[in-house]
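J.: Residue numbers (my numbering), protein chains in the order written: chain C, 1 to 202; chain V, 1 to 166.
Rather than coming from a laboratory, the hints here were simulated on the basis of the structure.
Values in this document were obtained by computation on a predicted structure and should not be read as measured data.
Idealized CB from N, CA, C, for every residue including glycine.
Honestly, I wouldn't trust all of these hints.
What the hints assert, rightly or not - Just a few of them, taken from the derived set where beta-carbon distance is under 7 Å, the chain V residues facing chain C:
| # | residue |
| --- | --- |
| 1 | N49 |
| 2 | A55 |
| 3 | I56 |
| 4 | G58 |
| 5 | G59 |
| 6 | G64 |
| 7 | R85 |
| 8 | A90 |
| 9 | G91 |
To be verified - Distance condition first, Cα-Cα at most 30 Å in a straight line; then the derived DSSO-like pairs of lysine-lysine:
| # | chain 1 | residue 1 | chain 2 | residue 2 |
| --- | --- | --- | --- | --- |
| 10 | C | K2 | C | K160 |
| 11 | C | K91 | V | K15 |
| 12 | C | K170 | C | K8 |
| 13 | C | K91 | C | K160 |
| 14 | V | K30 | V | K2 |
| 15 | C | K91 | V | K14 |
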Amino acid sequence: MKRYDCMKRLAERLKDELVILSLGASVDEWYNAAPHMRAASLFQQQLGCVTPQAFGLATGLPHRRIISLDTDGGMMFNLGILATLGNEQPKNLFIVVWDNECYQSIGGPPTHTAFGRVDIAAIARGAGVEHAYTVRTLEEFETHCAAGLAADVPYVVVAKVAGTVQPDIKRKHSDGREDKYIFVRHVEATEGIVIMGPSEHN
Amino acid sequence: MKPSSVDAVIRGLKKAGVSTVCYLPDSLFKELYPALDADPDIRTIRVTNEGEGAAICGGVFLSGKRAALIMENSGLRASVEPLARMGLGAGIPVIMLMSYRGELGENNWWAIPHGITMEPVLNALRIPYRVVREEDEIEQSIVDAYNWSYNAYYHSAIALGGSIVR
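Next comes chain C alone, as it looks inside the complex (with noise of 0.2 Å):
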């Protein structure tokens, strides 16, 4: 299963919610694949912190759908948000996990999960996050992606995909700073609020 053809079913799905995504080839798959998504989505190259974040807005946002497209390098780096999450019980949050076994992006040395052991969705569960589960193939991404995005409870999907990029996709060309205003924007416009407002006068 390809991480890219599991972005495309996903984003064909989202409208109204909001992404926070994981660093490395990631970022520019999901850029091509959910082009509707760009000023809906944060590109940050943050390890251990997507998913923190993402229940950190979806704690200020109740009321939207919050996604976050985490990795097993990065979940792995910090576990301890699933304790959190089963204990807080966010009811907006979906969480998908990209499990290729590798740091893809530095050229693909094994990550924990590469070896048969360790169990992402297993752990999930076991902190008490009940609905986590490893899906092996599109038609189960889809289901879960569908029941994940109407859940009132956290719900983590960790989809075991290949360890390659998709090839002769656009690159993405802003930093993390230019990405953060292009999404404070975005969630400004369509909240009706204001996040990044302007200095006093004095």
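With the hints as your guide, set chain V onto chain C.
T.: Quick look at chain V alone, frame taken from chain C:
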């Protein structure tokens, strides 16, 4: 902490518009945490380490709400990685309130590292901070930290020490 100091912290947080607090409890602030939990205007989130709390606070910032990360100053060390990436890489601010473990007067050997490393770590990250040791400066210092961070879009910190936490 005296009840009046706990009240001053909560007044400062409310004046700054804070609605979410992420915390990992410590002994010097032990009276503060249940008071935050009991406050109907503040949502508390208990985290497994302070770095996770920093990242959650970053997400709350992106929602337009205001968050605080409250912890012992040892938690600053656990937060360095997310703070560096969010603050220097993206300009996502986290405002921190920490107890000053390990300052002069400390009577626990294990807390000495916290005192020795806190200010150098804050300086390494170029995080402006204020050490507050007088109760009547708590409220305004918290408000000042938020004002600065919401113009700089960078982290700031208040460390409570001295007789406030002893």
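J.: None of the hints should be skipped; say for each whether it holds.
T.: Quick rundown of the hints versus the structure:
no., hint, in the structure
1, N49, "holds (6 Å)"
2, A55, "holds (3 Å)"
3, I56, "holds (4 Å)"
4, G58, "holds (5 Å)"
5, G59, "holds (2 Å)"
6, G64, "holds (4 Å)"
7, R85, "holds (4 Å)"
8, A90, "holds (4 Å)"
9, G91, "holds (5 Å)"
10, C:K2 / C:K160, "holds (9 Å)"
11, C:K91 / V:K15, "holds (29 Å)"
12, C:K170 / C:K8, "holds (15 Å)"
13, C:K91 / C:K160, "holds (25 Å)"
14, V:K30 / V:K2, "holds (10 Å)"
15, C:K91 / V:K14, "holds (26 Å)"
The structure shown violates none of the earlier numbered hints.
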